[in-house]
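Trainee: First to last, the protein sequences are chains U and P.
Just so you know, the first sequence maps onto residues 199 to 309 in our numbering.
Just so you know, the second sequence maps onto residues 1313 to 1426 in our numbering.
Some hints could be false.
Facing chain P, from chain U, some residues (calculated, C-beta under 10 Å) [stated by the list, open to error]:
(1) S205
(2) P206
(3) T226
(4) F228
(5) G294
(6) L297
(7) M306
(8) V307
Heads up, simulated DSS-like pairs for lysine-lysine below, C-alpha to C-alpha not over 27 Å straight-line [stated by the list, open to error]:
(9) P:K1319 x U:K255
(10) U:K265 x U:K254
(11) U:K308 x P:K1319
(12) P:K1319 x P:K1377
(13) U:K265 x U:K255
(14) P:K1377 x U:K254
(15) P:K1319 x U:K201
(16) U:K308 x U:K265
(17) U:K254 x P:K1319
(18) U:K308 x U:K239
For the record, the hints were derived by calculation from the structure and aren't laboratory data.
Glycine included, every Cβ here is placed at the ideal spot set by N, Cα and C.
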Amino acid sequence: EDKVVQSPLSLVVHEGDTVTLNCSYEVTNFRSLLWYKQEKKAPTFLFMLTSSGIEKKSGRLSSILDKKELFSILNITATQTGDSAVYLCAVEARAGNMLTFGGGTRLMVKP
Amino acid sequence: SAVISQKPSRDICQRGTSLTIQCQVDSQVTMMFWYRQQPGQSLTLIATANQGSEATYESGFVIDKFPISRPNLTFSTLTVSNMSPEDSSIYLCSVGQGYNSPLHFGNGTRLTVT
């Protein structure tokens, strides 16, 4: 059974701090790893990672994948209150876009 | 990315009744899925909505409880039948274009069953 585990479960930081969110996985047929941000109901897409060691970056957010050690990290620098959300990691290990999600990390950024 | 419109946005329903959720995409998409997110939990795949044929259900989900239609490449419905309080969840429509493309989500339907 495919498994995706995220840590920490929750995190409280102050504005300006840097945070690192972790995602480890055990799947039989890895295709890609994706990160999403969920503020209310709809997860919004952040990154899709398929190759090890190549950092993806978007503003203050960045992510990298290690396919040998089977994990990914999501970094957020200079956090803002608007970064408060649940961050979801998902792995595509079956053909056709089907994703297995981790339990999420709930991030709260205090002013 | 495609614009995905899901409705209703939220509903409160009585046990024993059924609710149909609609998902409309502004362009043709290859893959459409329905996910459920129970309170405090992560997302669980209910089924793949196949265009012109019966949906493919994940373990633990059955057609009688969650009938799905997908008459074309831009529209799908999920019905939650004979509801009980345990069905209270967020239901999410998602779309993808296959290999090497990310999945995108509709705005979700927050269902409360009393």
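Trainee: If a hint holds in the structure, say so; if it doesn't, say that too.
Mentor: Hint by hint, here is what the structure shows:
no. : hint              : in the structure
1   : S205              : violated, 13 Å
2   : P206              : violated, 15 Å
3   : T226              : violated, 16 Å
4   : F228              : violated, 13 Å
5   : G294              : holds, 6 Å
6   : L297              : holds, 6 Å
7   : M306              : violated, 15 Å
8   : V307              : violated, 20 Å
9   : P:K1319 x U:K255  : violated, 33 Å
10  : U:K265 x U:K254   : holds, 15 Å
11  : U:K308 x P:K1319  : violated, 33 Å
12  : P:K1319 x P:K1377 : holds, 19 Å
13  : U:K265 x U:K255   : holds, 18 Å
14  : P:K1377 x U:K254  : violated, 41 Å
15  : P:K1319 x U:K201  : violated, 31 Å
16  : U:K308 x U:K265   : violated, 34 Å
17  : U:K254 x P:K1319  : violated, 33 Å
18  : U:K308 x U:K239   : holds, 21 Å
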